[in-house]
Amino acid sequence: MTNLVTPLTEETVRSLRLGDTVFVNGPIVTGRDEAHIRALGLRAEGKETPPQLDGCVLYHCGPIMRQTEDGWQVVAAGPTTSARMNRLEPEMIREFGIRAIIGKGGMSAEVAEAMRECGCVYLAATGGAAVSLAEGLGACTGVEWLDLGMAEALWSFRADRLGPLIVAMDAEGNSLYEQVRGSLVRDARSRPLPRTG
Amino acid sequence: MIKLPEPVDQVVVNLLRLANTKIPEDIGWALEAAGMWENNPVAYTQIGAIMDNLKKAEHMGRPMCQDTGIPVFYVCGRFDSSIAAQIAKGVERATAEIPLRPNTVDPLTRENHGSNLGPGMPIIHYIPEEGDFTEITVLPKGAGSENMTRLGMLNPSDGVQGVEDFIVDAVLDAGGRPCPPTVIGVGIGGMSDTCAEMAKMALACPLDVENPDKTLREMEERIFVRLNKSGLGPMGLGGATTCLGVRIKKAACHTASLPVAVSIGCWATRRASARITDHGVEYAQGAVL
Ligand code: SF4
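Residue numbers (our numbering), protein chains in the order written: chain A, 1 to 197; chain B, 1 to 289.
Distance condition first, Cα-Cα at most 20 Å in a straight line; then the derived EDC-like pairs of lysine to aspartate or glutamate:
#1 B:Lys-229 / A:Asp-187
#2 B:Lys-229 / A:Glu-178
#3 B:Lys-56 / A:Asp-160
These aren't lab readings, by the way, just hints derived from the structure by calculation.
Work out the full structure, taking the sequences as your base and the hints as a guide.
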C-alpha cells in the first residue's frame, strides 16, 4: 500500500506497478465531459485555464455537493465511467501534463499511449463507493465553471487518504482491464449439462 | 377511495430512504462471504471498500451510491387509481428530502426538471391481489447496470445451453461497467416486453430464497459457477467474485420463440417494501414478488 502525495512527479508515477494499491493525499480536481471540453477549448483559443489543472490528479467524478455556512461540502463522490472521456483525454494529458486519472472501467489504447508518452497512470476507484470516497476527498478548496452544473464543474479538493485505488493502467502502456479481458473463461463447467432440445 | 393509515407519499419517502441507505441482508451476506473466499488481493480490496462504504452509508444515513437510479415500483394487494399520483408525490419529495440525485431527463433534449418525474415516470407495475393489505415495493436502479441490459430472441433449438451461454456472454461483455460483483436477473419466455419485465422483477427475489422450479434452480447454479470461474472479478479488475447470485423467472411463450432477457443488478442492488394494513405500516427488504 502506497500513500501518494500530490503534486506527483513523473518519477513517482513511473515507479507504480499494475495492481498496486494506493491512497492519494493533497490537491486534486474533479472533471467530467464538460470540464474536458471547456479546458481544451480555452487552451485552443490561447486563453487562460485554471492553474490547478497543470500536472494535476484528475478524478472522473460528478460529486453531490452541499453548501453550508463554512462553504461547500462533499456528500457523495463515486467515480463515473471513464470511457466517456476517451476521445478527449489524450489531448488533456498532453496539454496539461496530467499525472494521474482516477475513475472506473479504464480507458482506451489511445489514452494508454498518451499516458506512456507523458508519464501518467490510471487509478481505479471502487464504483459506487460514494460515501467513503467523499470522505477521502476531504475539504473542498474551490470550484470553477459552476455554470456547467454541479456534476460537470471543476471542483478542487485537498484529499485525505482518498482510496483504496488500484493502479489499473501504468505509465508503460499496460492495462489490468486488458489483461483480465484477455484471460476471461467463458465456458467453465461445474457439472455436465442436461441434454437440450 | 381506499383509506390507508399513512399517506402513501410519506410511505414512499420512507421506502426510498431505506432502500438507498441500507443494503438488503441477503446481498450484504453475499458480499461478506465473497470477502472470505476471495484471495486475489485486488478483488479483496474492492470488496473491502464496498463493505466499508455500506457501513458508512447506513451509519450516516446517506445514499450508498451517488447514482440513486430510477425507482421501479410494484404495487400489490388492494389499491385504487389515486395511488399513482401519490407515489409520484413521494418520489418528488424524496428527491428533495433525502436527497436523491435528479436523474430523470427528456430522452432527446436531455432537459432535467430536477424532480425525478416526467412523462412515464415513476414506473409502476400493478399486481392486484385479494386481501386487506397494500404492498409497495421499490427497486432503485442505476444507469451503470441498467445500460448493460440485454434481450435476445433466441431460436427454440438453442435450448438450455444456448440460454445459459447468452446470459454468461451478456455479463462478461458488460465487464466492469455494471460495478460487479453483480446480481443477475433473468427472464425466459413470454414476449419481448414481459421477458424484460420478468428479468428486472427477478432482482427483487432475495439470494437466500430457493427457486421453487428445479430446472431453473439448476440453471442458476450452473451460471453462478461459470461466472465466478470466469476471472472477471469485482469492478472487472480480476478475481473470483463476478456475481453474487442468479435469479431466473419464466413464462410460457410462442412455440416459435425463445425470448431471454438479462437485467444486471450492481453490487448496490437495492430494494425495500412496505406492507400497509389497517394496523399500520411494516417495512422490510426481503421482497420476493
Ligand atoms: S452501477 Fe450501481 S454501484 Fe455502480 S455507480 Fe451505478 S448505481 Fe452505483
